[in-house]
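Just so you know, the sequences run in chain order A and B.
Residues in the first sequence are numbered from 300 upward in steps of one, following the numbering used here.
Residues in the second sequence are numbered from -17 upward in steps of one, following the numbering used here.
It cannot be assumed that every hint is accurate.
Below, a list of computed lysine-lysine pairs in the DSBU-like style, where the Cα atoms sit at most 35 Å apart [as the list claims (entries may be wrong)]:
1. B:K100 to A:K350
2. B:K100 to B:K(-16)
3. B:K(-4) to A:K333
4. B:K100 to A:K600
5. A:K604 to B:K(-16)
6. A:K365 to A:K444
7. B:K100 to A:K321
8. A:K600 to B:K161
9. B:K161 to A:K321
10. B:K(-4) to A:K545
11. A:K520 to A:K604
12. B:K54 to A:K365
13. B:K111 to B:K(-4)
Coverage of chain A stretches by chain B, computed from C-beta distances (three or more under 8 Å per stretch; other residues unrestricted) [what the hints assert, rightly or not]:
14. 387 to 393
15. 403 to 412
16. 425 to 435
17. 463 to 469
18. 510 to 519
19. 614 to 627
None of these hints come from the bench; they were simulated from the model.
Glycine included, C-beta positions come from ideal geometry on N, C-alpha and C.
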Amino acid sequence: MNRAVQETDYDAFSCKVSAIAKHYLPRQVAGEEKEEGEFVQLHMAYAQGLKSVSRRAYSKVDRAVKSAQPVMNYGTYLRSIAIDEAIACFLKEHANFGADAPVQVVNLGCGSDLRMVQLLSQVPHMKWLDLDFKESVALKSRILKDNSLFQRELGPSEATETAEYSTSRYCLASCNLNDIAQVAETLKRFTTQDCPTLVLSECVLCYMKSIESRALIDYIKSFYKTGTWISYDPIGGDDSADKFGKIMQTNLRESRHLEMPTLMIFNSPEKYVQRFDTPPPSTSVVTMWQYYVQSVSSEEKMRLKALQFLDEIEELEIILSHYILAEASWL
Amino acid sequence: MKVDETIALLRQGKQISEETVYTLCLRSQELLMSEANVTQVDTPVTICGDIHGQLHDLLTLFDKSGGIENNKYVFLGDFVDRGFYSLESFLLLLCYKLRYPDRITMIRGNHETRQITKVYGFYDEIVRKYGNSNVWRYCCEVFDYLSLGAVVDGQVFCVHGGLSPNVTTVNQIRAIERKQEVPHEGAMCDLLWSDPDEVSTWSLSPRGAGFLFGRNEVDQFLHCNGLELIARAHQLVMEGYKEMFGGGLVTVWSAPNYCYRCGNVAAVLRIEDGLSREYMIFEAVQAQDDVGNAIIPTKKPQMDYFL
Chain A
300 MNRAVQETDY
310 DAFSCKVSAI
320 AKHYLPRQVA
330 GEEKEEGEFV
340 QLHMAYAQGL
350 KSVSRRAYSK
360 VDRAVKSAQP
370 VMNYGTYLRS
380 IAIDEAIACF
390 LKEHANFGAD
400 APVQVVNLGC
410 GSDLRMVQLL
420 SQVPHMKWLD
430 LDFKESVALK
440 SRILKDNSLF
450 QRELGPSEAT
460 ETAEYSTSRY
470 CLASCNLNDI
480 AQVAETLKRF
490 TTQDCPTLVL
500 SECVLCYMKS
510 IESRALIDYI
520 KSFYKTGTWI
530 SYDPIGGDDS
540 ADKFGKIMQT
550 NLRESRHLEM
560 PTLMIFNSPE
570 KYVQRFDTPP
580 PSTSVVTMWQ
590 YYVQSVSSEE
600 KMRLKALQFL
610 DEIEELEIIL
620 SHYILAEASW
630 L
Chain B
-17 MKVDETIALL
-7 RQGKQISEET
3 VYTLCLRSQE
13 LLMSEANVTQ
23 VDTPVTICGD
33 IHGQLHDLLT
43 LFDKSGGIEN
53 NKYVFLGDFV
63 DRGFYSLESF
73 LLLLCYKLRY
83 PDRITMIRGN
93 HETRQITKVY
103 GFYDEIVRKY
113 GNSNVWRYCC
123 EVFDYLSLGA
133 VVDGQVFCVH
143 GGLSPNVTTV
153 NQIRAIERKQ
163 EVPHEGAMCD
173 LLWSDPDEVS
183 TWSLSPRGAG
193 FLFGRNEVDQ
203 FLHCNGLELI
213 ARAHQLVMEG
223 YKEMFGGGLV
233 TVWSAPNYCY
243 RCGNVAAVLR
253 IEDGLSREYM
263 IFEAVQAQDD
273 VGNAIIPTKK
283 PQMDYFL
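In isolation and in its complexed conformation, chain B is listed as follows (with noise of 0.2 Å):
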């Protein structure tokens, strides 16, 4: 497999053989292996959230944000599910990964899951696209190695959801057995499941998993850890980020025009040597083949609106 033609044909949007698809994944899972739960990485840093398979909308993150040529980043997750390219996007960020292995950091998110996948579209595009779910098992395997945090500069804790209660210290979570199907309680679920909100003290989720934590959890995870700031995604925020608890923890959200039709633009977060945050905000684009036409999502399987 030549990752730099796969990587072509992935950017136009292009199906990829099944064997390739094999390889990618096995060779994913070797690299995945090896990383800590919790990745360290250097400033400067490009910080992105949520993309769920809106392909066109990733390619325009990289172009704006310079590309994975000049620049590092951090992906907090939720790769896949509701957008028409969910395969391509995870398969384009791992090739980049194998490609340009110290310049990516792939964080898990709720949706790379087997349970969630099944729900929420991946599972549907690959037998859609491949007329069976082999895809979709190689896929899985590639998440159950995907790491769970990073840290950048010992001072910015990156995770998809947020806090667990049965972490305080970012070395326990280091010790978590984290190459597995996401449990649906307990820390792993949690730091991927888990919304900020005002709230006194952790709360019930409205999602079903992980909590809702409040500005003293943030506080005391901070001073605990020696951090500055929660980097996390998982919320849509129609800003594309959202500051809270005084800057303490930011969100941020990175498949504009969500699902093709929320209307929010999104935003990725740079950090720079010294710490200095800047957001990056960008819009969805119209979607186009190679050739320039616009691709319309016609052949969308599920109903989007009530009628």
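One chain only, chain A, in its complex shape (with noise of 0.2 Å):
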């Protein structure tokens, strides 16, 4: 089931690099144009980094590459920038703070996302944390310590025993989520309690057992004294004609043994954002439908279609309203 879990992460970097190779990511933005420029740079390296630290994991995302389908690519954008914005918006409001009151992001199950190095040198003041199973921060970390692209933005790793890849700002460690133990004795080795702290699960809590993810919520709800957590995560749909998540939970059982254990658990938007427990207006959620008609500007959705054709509106519809993001702060 681990291995399953881990091997998602292939699928969500394929999915970025052939949104980036069609040209949905990076969202073209004016004035932009440079760290737009890096976007790909950094994706295009860690590519190249995959290649030479694991063939069976490259040539699975260049298989991927190749046949991901418009409305793939679609969603993978909009995943991408919602949760973007989600960050850039957590920033800004503690950027009212003063400019160099500190912030930190805890990325639970972090995978091969990169967020982190453009981020890293774009907000001086804040510090990173990447988490993921032993063996995905042991082929992150390769291919970090590996590449001079990525040493020059990071910075070069101190040895340390207790993270994979260490800097005064950045680390990369490795946690099993599932441990509370675990995730305790990590989050105060490399994190303050009453830092602001931005908690980011993409697709994470969706593979975890409802008490083990209950668990780690409450731990880190209680452990952080100011929190917002911003989670991207597939729903099974409340309506007794949707089929949707009870087909999605046998399609990925039956051809990759991967268990959705609270996907029909916490089936609707609202469902899923009351796990957290935090009462609006701290709490909001959308559904990746719902974000692409109204936060889409009109000139960002001609360009998407112009892109490719996408035949598929329909069908986009049914999947987008099936991805929520949900954000949730505490105080």
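Build the complex: two chains, separate frames, hints provided.
Right, dumping it as structure tokens:
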């Protein structure tokens, strides 16, 4: 099961590379051409790194990229920019407390996510902790250490026994999120309790059992005095005629031995966000379809439309309605 | 090439030799070449929507609707792309066409083009199965000869997508030079790409090709051509079919659990003598091989979900 979950990172990364290859990502914003160029470079460097570290992983990614269809590229684009925007929003809010007010980000199940590279250079008062399974972290640190671009951006890693990659501001460490004692120890070692904290979980909670994700949420919420949790996950759907979630569970179980234990429990946006147990207005949730309709500008929509023929609007709506971005804050 | 033997192989999802596909495509082209852009069909007939390479569901469709041996069918296009068995589905229909030429009408869908099949899976499927793209090319040649529409008993206009601002009468469709790749704009493109919607007049389509048209356009087209109904496909409908504009237009969708993940049911529309309509709803079945083992899409090349 752990192996099946770890392998989902190749999917996430392949989707990203495909969306970049087809020019969905990065989002085009006037005046940010330099950052956009860096974004592409970083991901291409990581893909090259993956090639030299693990041929098997690379060939998976390569195959997936070649067959990625427009609906997947749309969904990847939306997932990526929705999370980016939520992070930017958190950082902006905390910048109001003074330019050098420290903040920290804890990226749970970080996989090959490379957000920290650009954000660390853009936000000098931020620290970043990447956590994942031992094998995933080992792979990521090798790729980061082997490449001069990452070395230049992140700075060289100090020798340490507790983290795979460690600088004064960035840490990549292994941690089993199902083991609360280990989570507690890791967070105590690498982060500060009273610093405003952003917790990221991108397709992480969905693979955990209800009781274990509950424990993780409870622990993290009690550990940090103030925090915001940004979580992206699938939801099963709560309409009795909606079979999407059940089919998804069956498909993933049969084809990849991958389980999503809470997909049908937290099956609506409302139920999903309730798991954080933070009252409104400190809580918000949107489906990716709502995000597409409401938050993507008409210029961006036009740009996306021109990239590939998107034949399947109805299918896109069905799929995107089953993925959400939730945000929950506590004081 | 023996058509009956090929049919038996295709029904089992077995691979057909490149040479057989070539012969089959050539003979189909010769047959389709003589067809008009808009075919005349008599009732009773069963109208079927998108298939998208879901061979096992296509077999269910024939089973539950009486079978080609005893019934007439109109297929509204989109035979290929998305599912795992685009080639087998398309070739099976071509074989039926050769075997029972007056019982099956095949209308071109927007996926029956070179450009779209390169993006949506049919091209990749062929390269995966044959190691080269020859078979894809043979099929694309056939696509160019598929008809653009059909009229049932002079009353029901069948088309893949919908109407075009450049087309007021069915006769104008008959005048189109259809034997070509689907253009990016114009009447032929619109017929394959347009969608009905709650709009007061022709509007831009979110798909990037074709138009949105509303009740006014439908009423006018029906009136102008002495028709009662437009039967079209092209859009996924969770309930299998959807009537609009007071019953003047219907969308028929025949790919249950579309892409093996959408959870929808499928439908076909049976038009009896006297034009009464009857919808037959069917669900996806677990695909089985010839000895009854479940065929699970384990080797699916593309990712279905965001993980």
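Status of each hint after checking the structure:
The suggested pairing of B:K100 with A:K350 holds, with an alpha-carbon distance near 26 Å, which does not exceed 35 Å. Restraint check for B:K100 and B:K(-16): the C-alpha separation of about 30 Å stays at or below 35 Å, so the hint holds. Our distance criterion of 35 Å between C-alpha atoms is broken by B:K(-4) and A:K333, whose separation comes to about 52 Å. Only pairs whose Cα atoms come within 35 Å are accepted, and B:K100 paired with A:K600 is accepted, the gap being roughly 23 Å.
About 45 Å separates the Cα atoms of A:K604 and B:K(-16), which puts this hinted pair outside 35 Å; it is violated. About 28 Å separates the Cα atoms of A:K365 and A:K444, which keeps this hinted pair within 35 Å; it holds. Pair hint B:K100 plus A:K321 holds up; C-alpha atoms about 14 Å apart against a cutoff of 35 Å. This hinted pair checks out: A:K600 and B:K161 have alpha carbons roughly 33 Å apart, not beyond 35 Å.
Distance restraint check for B:K161 and A:K321: the Cα-Cα separation of roughly 31 Å lies within the 35 Å cut-off, and the hinted pair is therefore satisfied. Taken as a hint, the B:K(-4) and A:K545 pair is honoured in the structure, with Cα atoms around 30 Å apart against an allowance of 35 Å. For the given pair, A:K520 sits about 41 Å from A:K604 by alpha-carbon distance, which is inconsistent with the 35 Å threshold. Between B:K54 and A:K365 the alpha-carbon distance is near 40 Å, which puts this suggested pair outside the 35 Å criterion.
The straight-line distance between the Cα atoms of B:K111 and B:K(-4) is roughly 11 Å, inside the 35 Å bound, and the hint therefore holds. Under a criterion of three residues with beta carbons nearer than 8 Å to beta carbons of chain B, the stated coverage of the stretch 387 to 393 of chain A fails, only 0 such residues being counted. Remark: the stretch 403 to 412 of chain A is not confirmed as covered by chain B, as 0 of its residues place a Cβ nearer than 8 Å to a Cβ of that chain, below the required three. With 0 residues having a Cβ less than 8 Å from any Cβ of chain B, the stretch 425 to 435 of chain A misses the three-residue criterion, and the hint is violated.
Three residues within the 8 Å Cβ limit are the bar, and the stretch 463 to 469 of chain A against chain B gives 0, so the coverage statement is violated. Against chain B, the stretch 510 to 519 of chain A contributes 0 residues with a C-beta closer than 8 Å to a partner C-beta. That does not satisfy the three-residue criterion, and the hint is violated. Counting residues of the stretch 614 to 627 of chain A whose beta-carbon sits less than 8 Å from any beta-carbon of chain B gives 4, enough to reach three: the coverage restraint holds.
Consistency with the previously given hints fails for numbers 3, 5, 11, 12, 14, 15, 16, 17, 18, ordered from lowest to highest.
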